[in-house]
Every structure is written in structure tokens, then in C-alpha cells.
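Numbering (UniProt numbering), first residue to last: 1 to 247.
Hint data in this document are derived by calculation from the structure and do not stem from the laboratory. Source: prediction; values computed, not measured. A portion of the hints provided could be inaccurate.
Simulated pairs of lysine to aspartate or glutamate, EDC-like, Cα-Cα distance not exceeding 16 Å [what the hints assert, rightly or not]:
{"hint": "1", "residue 1": "Lys64", "residue 2": "Asp53"}
{"hint": "2", "residue 1": "Lys64", "residue 2": "Glu54"}
{"hint": "3", "residue 1": "Lys64", "residue 2": "Asp84"}
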Amino acid sequence: MSPKRAPGSDGAASAMPGGVWLRAPRPPSAGGGAAQPALDRERIVAASVALLDERGTAGLTMRKLAEALGVHATSLYWHVAHRDDLLDLALDAVFGEVTLPARAAGDWRADVTAFMDGLRTALLRHPWSGALAGSRPLLGPNALARSEFVYAALVGAGFRGDDLSAAAGAIANYVIGTVSAEAAWRHGDARDETAGRRALLARLNGSAEAHPTLAAHPPSLRTDWEGHYVRGRDFLLAGLAGSRAGD
């Protein structure tokens, strides 16, 4: 017997990443009186995030999630169409951890800096989320609320049209990219990271003729990840500010 799927689970919107946000939600059932608390999306999302934190994206399956929730796997299909829904829901929950100020500062660079720093903190708290954020459309309500904040700040700075979307994309992609790189390098303990960098240095030294600039300016054995992020962030914002200077 095939499991019952959420509405629209066989449509194009369901098959694509982010499809969970494009599908009409299932109306609540009219039943009641269950001895166990009702399985709902909030519980599913919280358990998905916990599994992802513990095991990474490869460790999140419908079966393992059902075990964590103490339900049969088919029960999940009343709420989600497939595993991709879980990834989108969990990722948007991480974006919900980015605290937005109740009121914009009125200084677009201060507002964008606050967003970028908050997003970096939230993504680093969940090491799987950076790479995932770079591979899926960010269509959930929490992600859209943060995009609204950034767009409003940039519109206030004078960005419009293609410049606006490019600037907003550069801001988000910088944070997501640096977090993904940091998480990749720091997947183990500090000794693993140092060993990896030693191997990189040895490779560059061994191929100095092919890569003379890289060999002459190698990365350090221990990266100041926060300092590296801040310098790049400030370069990016200075460049965006400079692009408005002549307007």
C-alpha cells in the first residue's frame, strides 16, 4: 500500500527544490481525541533540524525522522511530500533564527551589516545549512522576511532594478559562501583543519612553477575565520557604497 501524500505531491511544484512553499497547505483533519500529541509541521521541522545537526544532510531520511518522532513513516506524508520538503523547511527554520531589528537603523550599511552578521551566526550554528542554502531557492517565510529587510535597506541607499537584485544577491551569497567554506574546512577538530592546510601548502610548494602566485602567497596554517569574513564583508559594502557615490 503506497503512503498517502500531501496534496500536489505529484505536481511540478513538488518535484522542484522549494516546492513545499509553492504547494497549497493541507487543511487540518476533522478528527480528534488522539492519546499522543498531534503530529504537526512544527514538530516535524524541529526534529528535522535536530537530526541534521547531529548527522548532516545524509543522515536525514523519512525513516529516521519517523523514529525520532515516534511515529510510522507514512504519517509524515500527511504533512510533507518527500525528503526535499524537510530540507526546505529546516533551512527556513534556520533563517528564522536571524534576528531582525524592530526598526531599521536608517543607515543602510549598518542594517545590512547586522543582517549579514546575524545570518553568519545562524548558519554556523547549523553546519549543514550553509551549503544547503547555496543549493536551494530561499522561498520560505523566514527567508523572505530577511530578504525584505535587505531589499528595503538597499532601496533606501538608491539601488533599483538589476542593481538592486545583484547587490542583494552579492550580500547573501557572500555570507553563504564564506560559511560553507568555513564549515567544510572545520568539519573535524582543529587538528584536522591544520593537517588539511599543511597538505595544501605542500601541494602548492610542489607545483610552484604552475602556480607561482599561490605558492608565493600561501594561506596560513590557521585561518582567522571571523577576521577573514569581516574584511570581505567590509570590502563588499565599500564597493556597493562606491557604486552609489556617483549617482
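Verification of the supplied hints:
{"no.": "1", "hint": "Lys64 x Asp53", "result": "holds (14 Å)"}
{"no.": "2", "hint": "Lys64 x Glu54", "result": "holds (12 Å)"}
{"no.": "3", "hint": "Lys64 x Asp84", "result": "holds (14 Å)"}
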